[in-house]
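Participant: Let's have the full structure, built from the sequences with the hints guiding it.
Heads up: the protein sequence lines correspond to chains A and B, in order.
When we follow our numbering, the leftmost residue of the first sequence carries the number 1, and every step to the right adds one.
When we follow our numbering, the leftmost residue of the second sequence carries the number 1001, and every step to the right adds one.
Errors might be hidden in some of the hints.
Derived list of chain B stretches under chain A, where covered just means 3 residues or more per stretch with a C-beta under 8 Å from a C-beta of chain A [to be verified]:
#, stretch
1, 1068 to 1081
2, 1129 to 1137
3, 1143 to 1154
4, 1297 to 1311
The set of hints was computed from the structure by calculation and includes no laboratory data.
Virtual Cβ for every residue (Gly too), placed ideally from N, Cα, C.
The lines below spell out each chain.
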Amino acid sequence: MTNSRRVFVIIKSLILILLAVAMILDPDIGYIALLIIIEIALLVKGISLLFYYFTMTRYKVGGMATLYKGIFVIDATLLLFGLSKAPQKLIMIALVLMLAFEGVVYIMKAMKSKKLEAGNWKYQLLHGIFMFIVAIICIIFIDSYRIATLIFAVSLIVWAVSDIITAMRKTAIVYIG
Amino acid sequence: MFLDFHYYATYCAAYLAGYTHEESLDVAYAAQFVDCCTLTLLKKLKGPKAAVTTQYIAEMVDDTEDYIGLQRITRIWSAYHFLPYDLYAKSKKRPKRYMDRYRLICEPNGDLLIETVNLAKDRDLTAVGLAMHVLADTWAHRHFAGVGSNVINDINPYFYELIDDENETTTERLVEFRHAPGGDDFEHSRYNNSIGQDSEASIMCIGHGRLGHMPDYSFIRYKYMPAWGDYEVIVKDNPSDYYHAFCQMIYAMKYLRGEHPAFDKDVYDFDAVKPWEDEIKAMLLTRQYDHEKEWKEMCSKISGHDVEDFDIDKYQQEYIDAGETGADGTFLGRFFINAMRQKSMVTHRIFESGNLLAGFSVDYKTEGFKGIKDFGKLLESMRGGKDND
Chain A
1 MTNSRRVFVI IKSLILILLA VAMILDPDIG YIALLIIIEI ALLVKGISLL FYYFTMTRYK
61 VGGMATLYKG IFVIDATLLL FGLSKAPQKL IMIALVLMLA FEGVVYIMKA MKSKKLEAGN
121 WKYQLLHGIF MFIVAIICII FIDSYRIATL IFAVSLIVWA VSDIITAMRK TAIVYIG
Chain B
1001 MFLDFHYYAT YCAAYLAGYT HEESLDVAYA AQFVDCCTLT LLKKLKGPKA AVTTQYIAEM
1061 VDDTEDYIGL QRITRIWSAY HFLPYDLYAK SKKRPKRYMD RYRLICEPNG DLLIETVNLA
1121 KDRDLTAVGL AMHVLADTWA HRHFAGVGSN VINDINPYFY ELIDDENETT TERLVEFRHA
1181 PGGDDFEHSR YNNSIGQDSE ASIMCIGHGR LGHMPDYSFI RYKYMPAWGD YEVIVKDNPS
1241 DYYHAFCQMI YAMKYLRGEH PAFDKDVYDF DAVKPWEDEI KAMLLTRQYD HEKEWKEMCS
1301 KISGHDVEDF DIDKYQQEYI DAGETGADGT FLGRFFINAM RQKSMVTHRI FESGNLLAGF
1361 SVDYKTEGFK GIKDFGKLLE SMRGGKDND
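Facilitator: Shown next, in the form of structure tokens:
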């Protein structure tokens, strides 16, 4: 990782942690922040798809699909920006689906790792089960956006901390010529 | 390539190059072990994780979760299975992002192959086996890059298998790619492949994943139009490529044994194979999943010895029993150090070319030891000469 990228990752992660703490402390601001983060993430995704098209996929058959996808994502994001308040249940359902899906993936990975005698299968299994439990809690409290922001904030903190850890790791190969 | 070539054919090539039966077994074992040395196995053995030479799908899925993981994937697949041909290759005007991936496309007889073979010179037999795996794969895996790249490694619907009949007429059959249980259907040219993804770095687009196991079948010939080649038709002739790989391995190992003063590109020891040429060529053309039984018989014909089946557990207890102090001197310990040496060399060359897809490399001579701790073993071996056992 380049030093500039390392600095960028750390600053980005610290901002996310601050935002997450603010979301936990004030749910009303937190909910608006959650929507803004989702919208910005979608916008970045759309722009990066366009960039991907112009630098890469326009040189391959079927690459035009990336262009259409990028335009669609940007359009959808701008539409979302126009809405004063997205339906809370929609946000909750999206979060629950994401969590449940990730939980299933982790459990499947744990089963595979166990079969391959990898030592980390118990950790993966616990991770998957934990995500499932969180998804179930979300379903129970589906009408409460307080829970949604809380879960989102905790996810942001976990994500930001893991990014900081990655950025601090020694990852260079040593060449002994 | 499967075990039939990496183990049995490598044994035959080693024996024809002049190694004894026991030495040839060690070379063949190391060559095949490149396809076995996963992170999972290294964790089980408590070996250096940087020595990983291949990955299970589950391990690759873990690695796609971050940017560093993607570099780890590229290091593994580029260093051992898809050796880049030309790190400074030129193409029509393309952005750097595209060219970084384009330059990792594997082909036989590149500069890195020379370095790979030279890295095994005057080193133990595990280094020889490892180099032979890399060499052989440059033939089977040519035209694909050891990096997750949708743009470089994806294919398009123009894909035909070329089938020769007894009258030497070639029929073109449209290949049907699918994701079905039950394996490949050679009779109808239906082959399983990985699922197409939009994501550039998807693990589905590493190497020849989008072709499934097609490049691993020695009998197969096909033609297609890769996007990176500006849609010019490429004909892949595996029977010819596998035969060249076999003859080049013999030449390379004769060089490593000191019979040739240098290892040059595009040189093949066809003479050494002459007595078995027809039999080997006929075997390579047989339309079946692998040729383990046939290559095993060929081993006996060539050396007069029966070759034991490959056993992944063969050297594991020796490594575990040796403990921390003696492990580096065992068969697997030496293999791990040689694996790190190969990875270090290839990563450094990619990094030197201005391409960061395989991550960073720090030159010990100029910058000291700043990097992944496991490479300390490589440094120790250079100082102590343990790798020259």
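Participant: Each hint: holds or not?
Facilitator: Going through the hints against the structure:
no.: 1; hint: 1068 to 1081; result: holds (count 3)
no.: 2; hint: 1129 to 1137; result: violated (count 0)
no.: 3; hint: 1143 to 1154; result: holds (count 3)
no.: 4; hint: 1297 to 1311; result: violated (count 0)
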